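Residue numbers (the working numbering), protein chains in the order written: chain A, 1 to 100; chain B, 1 to 499; chain C, 1 to 169; chain D, 1 to 645.
Watch out, some of these pointers could steer you wrong.
Below are the DSS-like pairs computed for lysine-lysine, each with C-alpha atoms no more than 25 Å apart in a straight line [what the hints assert, rightly or not]:
#1 426/B - 163/D
#2 426/B - 24/D
#3 24/D - 423/B
#4 426/B - 114/D
#5 87/A - 24/C
#6 426/B - 164/D
#7 114/D - 423/B
#8 348/B - 163/D
#9 348/B - 28/D
#10 348/B - 24/D
#11 348/B - 164/D
#12 24/D - 430/B
#13 87/A - 166/C
#14 164/D - 423/B
#15 423/B - 163/D
Beta-carbon label-pair distances, calculated as ranges [stated by the list, open to error]:
#16 636/D - 132/C: 40 to 46 Å
#17 84/C - 337/B: 51 to 57 Å
#18 603/D - 76/C: 52 to 58 Å
In case anyone wonders, no lab produced these hints; they're calculated from the structure.
Quick caveat, the model's predicted, so the values are computed rather than measured.
Glycine is no exception: its CB is placed at the ideal position from the N, C-alpha and C atoms.
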Amino acid sequence: MITITHYLVLSAILFTVGVIGVLIRRNAIIIFMCIELMLNAVNLSFVACAHYLNSMQGQLFVFFTMTVAAAEAAVGLAIIVAVFRNKETVNIDDINIMKW
Amino acid sequence: MDSRKGELIRITTLLVSIVVFVLSLPLYFNFNAHAYEMQFVEKLPWIPSFGIHYHVGIDGISLFLILLTTFLMPVSILASWHITKHIKEYMIAMLVLETGMVGVFASLDLFLFYVYWELMLIPMYLLIGIWGGPRRIYAAVKFFIYTMTGSVFMLLAIIALYFLNHRATGEYTFNLLEFYRLELSFAVQFWLFLAFAFAFAIKVPMFPFHTWLPDAHVEAPTAGSVILAGVLLKMGTYGFVRFCLPLFPEASHVFIPVISWMAIVGIIYGALVSMVQDDLKKLVAYSSVSHLGFVMLGIFAFNIQGIEGGITQMINHGLSTGALFLVVGMLYERRHTRMIADFGGLTKRMPVFATLFLIITLSSIGLPGLNGFVGEFLILLGAFRSRILYASIATSGIILAAVYMLWMFQRVMFHEIIHEENKTLKDVSKREFAILIPLIMIIFWIGIYPNPFLRKMDASVNHLLKQTGEKAQTVSNLQTQNTAVIPKIDIVSETKAEW
Amino acid sequence: MSEYLFYIVAAITVTTAVYLIFEKNPVFGALYLIQTMVSLAVLYILLEAQFVAAVQIIVYAGAIMVLFLFVIMLLNLDIKEEARNALPFQRIPAILMGIALFTVICIVIRSKLLQGKQDQYTTAYVQSIGNTKLIGNLLFTDYLLPFEITSILLFVAAIGAIMLAKRKL
Amino acid sequence: MLDLVALILLFPLIGTAVNGLAGKRMRKETVGYIACGAIGLSFLVSILVFCGLLLLPPEGRLFEKHLFVWIESGSFRSLAALQVDPLSTVMILTVSGVGFLIHVYSIGYMHHDKGYHRYFCYLNLFTFSMLLLVLSNNFLLMFIGWEAVGLCSYLLIGFWFEKKSASNAAKKAFVVNRVGDFGFALGVMLIFLIFHSIDFTEVFSAASHGNFETGNFAITMITLLLFMGATGKSAQIPLYTWLPDAMEGPTPVSALIHAATMVTAGVYMIARCNVLYMLSPFTMTVVASIGAATALFAASIGLVQNDIKRVLAYSTISQLGYMFLACGVGAFTAGVFHLMTHAFFKALLFLGAGSVIHALSGEQDIRKMGALKSHIPTTYKTFLVGTIAIAGIPPFAGFFSKDEILLEAFVRGNFIYWSIGAIAALFTAFYMFRLLFMTFYGESRVDHHTMEHLHESPGNMTLPLIALAGLSFVGGFLGIPGASAINHFLSPVFGGHTHAEIAGTELAGHSGHHGAWLPYLMMVVSTAIAIAGIFLAYQMYIKKPDLPKKLTDRFRFIHKLLLNKYYVDEIYDALFVNPTKKISVKILWKGVDVRIIDGSVNGIARLVGGLSNVLRLLQTGYIRNYAFYIVVGCIFIVVLAVFGK
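Isolated chain A (complex conformation) (with noise of 0.2 Å):
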């Protein structure tokens, strides 16, 4: 019998990889898409809990979260264009100028 709590660490596990990633990697597409992977591990919890709780809010917000989502690659992706644009780069220790 599969119950919540198997989505939930399923949830965990995929939103931690998520995390290491945008930890460790340094192009910043790839710590992008590490950043989708943790909204959609996100996404899978809220659709579980409502699964089980026989409730449709969880899978209101995950269609609202993916619309943020979208918003959020698209300007996200501009920006890194941009900032290649000027840079010649999408590394992100090549981006280090906000300090001090």
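Starting from the structure of chain A, add chains B, C and D where the hints point.
Quick look at chains B, C and D alone, frame taken from chain A:
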């Protein structure tokens, strides 16, 4: 910005400030001298859920400080006619400053007071930091941080009062008049007094918290110096009168020796250091330390002569030191230097200026017949009545005042003209004359016929003394016990129940 | 049956996700992510959220990931892009922290601190109306305001993306 | 008529205002007329007031005119009110009378000066202040006058501000006076504390009604503090140093302010407070001792000075010492009498000296004068009158007043006071005649160029000289022993107490143990002393002109000491002025202010800055780094939320 637009801005600001001054005059004429209650009170809810109100009103103590503010404003705007850098922003800063200053003197709601207190800090910071001299950034930051350090403690104390009041009356309010009725234990008074006094002592500035003053004055533009010396410093002394004494009477009594000695040291020290300055503005700045020492001594004499003298001296200092800064500003505009050594013999080229300067100098020295004397004498008399020793030491300050002011005057105005540049100096222009004449007229007026001023203060000062005296007596036993040991109960435990 | 399906799909999801974070080539990374998303869509169907599953494939795997691929290719990134590593020492702590995070989340899940409330939308009820229809009803009644705000958000995002990406306006 | 008293003050004030505001645009003559007219009118009103006072019975000769309430705070109250009584009447007559003559003189003397209107403005202001000082009816109002005359003195000493020495002298005068005023102000406060009033009438009646026993500590303190003020204003030891320097001002100013009127304010004040002083024998001893010491000390310096005005300045200090000696032994009338006669002959001498200086185009050194007798005859004659008067030859004014003081010192004080006074009188006669001889007799040492311009002063300068010479001659008859008009007139002020049976008419009272012959013996002795001094001077400067040189060589040390005024200025500089400056610069400003206070403030700022420098290393700028912190923070918060309870 083209010059016509600049001219328009200047004239508009000047008109606005004059209108404000004219509007403030009815305060004086309609003021009921026999009532100690707050007059012209306005109270509107602002943030009612926290008990914060727009609550303003004046009594005989704040009346003259407000008038002083509104009076000095047009004067200092006239004195900033030569400003060309960012005129619009400058004038905005000046007017915001005026709002803040009048607000501080008028607010009866501690929250409102604090807002105004901080509000006037910002334009002053900008005035020094943008339109100031070469080391303006250092001076502005120093000024700001010094004042902020004090303010933080005051804010804490205000919040503590807020909760203490709630515990006593079950009502959330920042109303000062409500706070007056609080019966605080000595320990609480002790710490809250310290917090308030720290903020005010920096503002006054009392020795040894004065070092921001010379820097701020030296770097500030003329009008900034005038306002700084004329009004801003008075907020410290005003704070003592308005908050420290009536709110924490027993603690105030305990602190008499401490504050008095600080004041006395300030008087002598300020005078001695002032004597040896070679920068005119610094000299005047240090003389402020000395003068304000007198004010503090008078306030902490706890009798009517002392406090009335103190208030009078606040006005006097505003007028005469303000005028001195104006005079120095005029010299600076001509020669672009403030070093005493760069002048000498100016009387020959500028006789009218010399006369005006001399009158102002004498007023600052405290020559009888001019304003400074009335305040200084009453202060010393009050101090003499309470502690003979304090007054005797402080009186020697009047000797030193003569030394440093006259020496300065001599080196600037007398002797032969040595420097070639000084030979072509022009005497005061019409605008400069118009700036100084009103000041000088009031200097004479207060010196010769100060009674109308003093009468308006009577009721309020008597009430203040009654407040401090009565409340102090109720716990006088406690006070004698506690003078030796610093009380250990801290404010946190007193107010913790509230959190 | 669905139990096995869950385990298989879950395994695929985790594997592709892990591949994603260790893959050097971003194009492959994107493909792994697409696979993850498709797998997630399968899980959504298992959870009887057909509409979400469909949207997941259409919007995520379809639109968003294509956008990613498009940008990757536009920028013509290759492997040596990641040459400079300013924080090599962060790798191990990062992984450790990830594990710690996972542990903490698991503890939270186990502690049952966060308890939901049972609602009326049982499987039978949803099936009687239809998942999509129900969502549609809710979106245009109870969640109308968030929905409209979402549309504004997308609009703004579109403008913002254009603003950022265009060289000259 | 007494109601007119406010006009006495008003006229000079109007003069000041008109000359000060519009003088620059007016013709010189107009300025002079306005100034003189103001003082002249003031003098006329003073005479009217004097007559009005005479009409009253002697006991009722006290009139007060309230103008307005000046300062009032709580129980403290200071009125702007004027008081007319015999003492103040003597003073206003002297001040406005002598003042008027000096104004007239100034028209001629200052004629070529650029600051003509400024000069007259100050001079009128001075007269106003001095009149206010003597007319005020309470201590604080008196203090206005007290400080205002100091201000005018400052302005007039520094009148030629381009001269460094002049402006230095002006500053010194003001500051030294301030030191005295410090005492005066404290005295006024103490009076208020003890008497709860600062009104003359109230204070004195409270004091004289036996509320205080003789020698009361508070009263002693009050009188000592007030006396401190007097030493400043009246140039007594230890605060006399400003007066010789004050000679930097125009000569008529020296005559009016630094000889005739302002410097006598201290004497006036002590005479005014005689009730208080009589209650404190200790203070009286102090006053008498300081007076006697100053008289001798200043006279000894005067022996060797070579600047014509300086000699007169030291003479003034010495004469003021006499007045204090008189007050100190309780002979207030004698003090005030000498004050008045001194005003006449010292004004005369100064104006005469001014005339000499004027004639010699500014030369002040008596070593460069000589044989001027025939060149400037009027000046010579009047100067001679003044010199005889001050030396104390009967029947000139100085004789009567000085003789009275010496007599009183002997009768009421002791032999030491008398002998000091006598020696000082000898010195006075000597140095005054030395001055006279060196200036007007002997061989001319005037340089050729100056000689060509040698001329007698114009009429408006010589007329005041003649008038003052007349006063110096007849002034003494007001106080002839046995029929002293001034004693009689002043007795309501000084006669109110048991101790002071005033000299002169009541001297018979002392004849019990001294004998009635004493006053006459004294007269003979003091005349003999004066003549001895004159003879000595004659011997040294007319007969044997090389004698002074020999004496100088013989007593080189003493001569040098005297010439350098006992090095008092240097000692003061070394003791007070320089250490204060040094401490202020080195310790207070550069040390305490810059190092300690600012140092610690900036130190704290630097400490915070340093800590921030360490902390900002966390701010690497690497996004992944920040993300890592975020994760750590999240974990921390969740752990705190779950396990925190």
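Going through the earlier hints one by one, which of them does the structure break, listed in rising order? Structure breaks no hint.
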